[in-house]
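Q: Chain by chain, the residues run as shown.
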Amino acid sequence: MIKEVKLKINNIEVCVPEGSTILQAAKKLNIELPTLCYHNDLSVAGNCRVCIVEVKNSRLLQPACVFPVSEGIEVFTNSNLVRQARKHIIELLLSEHNADCTECYRNNNCELQRLAYEYGVSQHLFIDLIPLKNYEKDYSSPSIIKDDSRCIRCQRCVRTCEELQAVSALTVAYRGEHMKISTFFENPMFEIVCTNCGQCVLHCPTGALIERTYIDEVWEAINDPDKHVVVQTAPAVRVALGELFGYEPGERVTGKMVTALKLLGFDSVLDTNFSADLTIIEESNELLERLKKAIKEKQKAYLPMFTSCSPGWIKFAEHMYPELLPHLSTCKSPQQMFGALVKTYYAKKIGIDPKKIVSVSIMPCTAKKFEANRPEMKSSGYRDVDYVLTTRELALMIKQAGINFSKLSETNYDNIMGKSTGAGVIFGVTGGVAEAALRTAYEIITGKEIPFPKLNIIPVRGLEGVREVTIKIDGTLPEWDFLEGMELRVAIAHGLANAKRLIEKILSGQVNYHFVEIMACPGGCLGGGGQPIPVNTEIRKSRVKAIYEEDENMPLRKSHENPDVIALYNEFLHKPLGHKSHELLHVTYTPRKRY
Amino acid sequence: MNEIENIVKEMFKKYGKSRTALIPVLQSIIRKKRFLSDEDIVEVAKLFDLSSAEVYGVASFYSFLDIKPRGKYVIRICKTISCEMKGSKEIIESIKKMLKINLNETTKDNKFSLLTTNCLGWCHKGPAMLINEDVYYDLTPEKVAEIIEFYKNK
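Listed in order, the protein sequences are those of chains A and B. In terms of the numbering used here, the first sequence opens at residue 1 and continues consecutively. In terms of the numbering used here, the second sequence opens at residue 1001 and continues consecutively.
I should point out that these hints are in silico values taken from the structure, not numbers from a laboratory. Please note: incorrect hints may appear among the correct ones.
[What the hints assert, rightly or not] Pairs of lysine-lysine residues, derived as DSSO-like cross-links and limited to a Cα-Cα distance of at most 27 Å, are as follows:
1. A:545 - A:27
2. B:1033 - B:1013
3. A:500 - B:1046
4. A:505 - B:1046
5. B:1143 - B:1100
6. B:1009 - A:500
7. A:593 - B:1009
8. A:137 - B:1068
[To be verified] Listing some non-contacts, in silico: residues in chain A with all C-beta distances to chain B over 12 Å:
9. 57
10. 301
11. 576
Just so it is clear, the structure is predicted and the values come from calculations on it, not from any experiment. For each residue, glycine too, the CB sits at the ideal point set by N, CA and C.
With the rest of the complex left out, here is chain A:
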């Protein structure tokens, strides 16, 4: 049993388990301490010092985030000494910080700005060092902008990249006053091993790492009468957008979001969930083809098959595991399938020249911006997706347009590629693609629904870093009789550090699976790099709940029952993995440098 330790904070007694920090003990008393380098998702660094407190009989002020409690200590979190010291720390940080807040993307949502306000920083106490620093701004990436002049060197991004994503594209370079957050040899972000996942953006307390915005380009397209602007919205956006308008995490705002998009002036508001359903049809058929090749035809097939919807994961695989690229499903991500269809199928159907179509997507993701810019993504003869906006950018557009979001009525998506099923929605959560694929694949093989109550495949759900589930196949249709009695082994990982752990086990032969779902971001897309800031485990859990609610509330729960998808196959694609599908919906990737 863990020993309890009794201490006093501001003369109030509190008991916490041995090994807790003062920060944790204070939290138990509902005392908020200011923090900058501390983040719930990450290891503790203790380098910003802004959480310092007075510990009785200790010569120095102590950082609460790292200081372990011990029996009988007395802590003061709000003495004059503490407040004064914190103010000086904030002022010292500001002396090196480009505080042109009005020009900063994080204006109004910046942890340093908030502390400067709370501690009443008014005039510079220390010399302004900005003119003496040669700060650099890196615009090279289509996803992420790195602005050293806004950096406070808290190293949350470095820890994020290493601990959550196992990429370590960012590092602490040099020392002392020259210390900076850097890439390898300060190479541009576009050329390094960065997966564009944007977790660093999500974890940055200031505006040092932000997404590259395309808001102006989208306004321009909307206001151009010659352009037909189509927008698609990813599943995870609807369970998080509300947070940027004062809703509690986990409130679903699907209908209001659709209304807002129509008010913004998009010509057609459609749903990425539609193409998520389409992805499932293509991907589960692809999996079954591979199983057939391996088991029935006894030929070499690339198993396990890995999912390919997460562009952060794709780039990670290209850099770190090029040998696995043939194992990736050749299906494009739902965003890119949608893009390829908008300028072909959709254009034909509504009789508009695809040249005049501007295709915009709203994504919980920064890597999607990179994905849309890939040279591989032009199968419609045009750029399949023209602009990708994050959830945050959409909220900003809604605010710019003066729309009172909470007062909006709810509307439905437009027709043609707007219908979706619950299986499409759960693409936004870790385990969701596996669950959606299982719902469809099982039915293709057996002609029966997968035997889980209400189709909820509970074992694939949850926020464990790596999960696995075995589904026994019973009562196959004659065409699939070679799968009778087989145990289909599925693994799921989210966060690239977990993915790496799982892949190393697969490569060393310790485990083997038929199907592996990988999402680059913790929690899946709902915890994506383009989602509202802040994020933590509690917020991710609320969004998970919301996604499953959205799924359960859909009249259709299986991708192959989506009427728009059925129509698409009847009128255009003809059959899964057919000629047209291969031309428009499938792609292969090429290895990149690992170091």
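Position chain B against the provided structure of chain A, taking the given hints into account.
A: For chain B alone, kept in the frame of chain A given last:
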């Protein structure tokens, strides 16, 4: 097997295949090549299974793990206060004249680089300087001229 691989293998034998061996490896490369090129760092990162950014971070932290190309002889003059009081500025000026380079530069023939350094622990005999791993102290412009001449002909 290339040079870097040899060094790394040797250090792994000595320190085990862990990050502990990283700094000794980087030091050995410096001893042989005077600086760490980006190719060298990539090679080291591969052999250690670390990200190249991480190795770059370690290398850039230490002044003596140079990441800029340097000449065959790296001169580092102590820039701290006791050496300055004993005339290190004059020493720097005379070396600059002798080699026709500025601080942080390398001669055209790639023979000499001129840098400053923090305290060498020779405050009692300042001004002091290092040339590669050899220390010279009680320097005067005349004495420095002799030393440089010696290295020029070496």
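Q: Find the hints from earlier in the document that the structure breaks and name them by number, from lowest to highest.
A: Every hint satisfied by this model.
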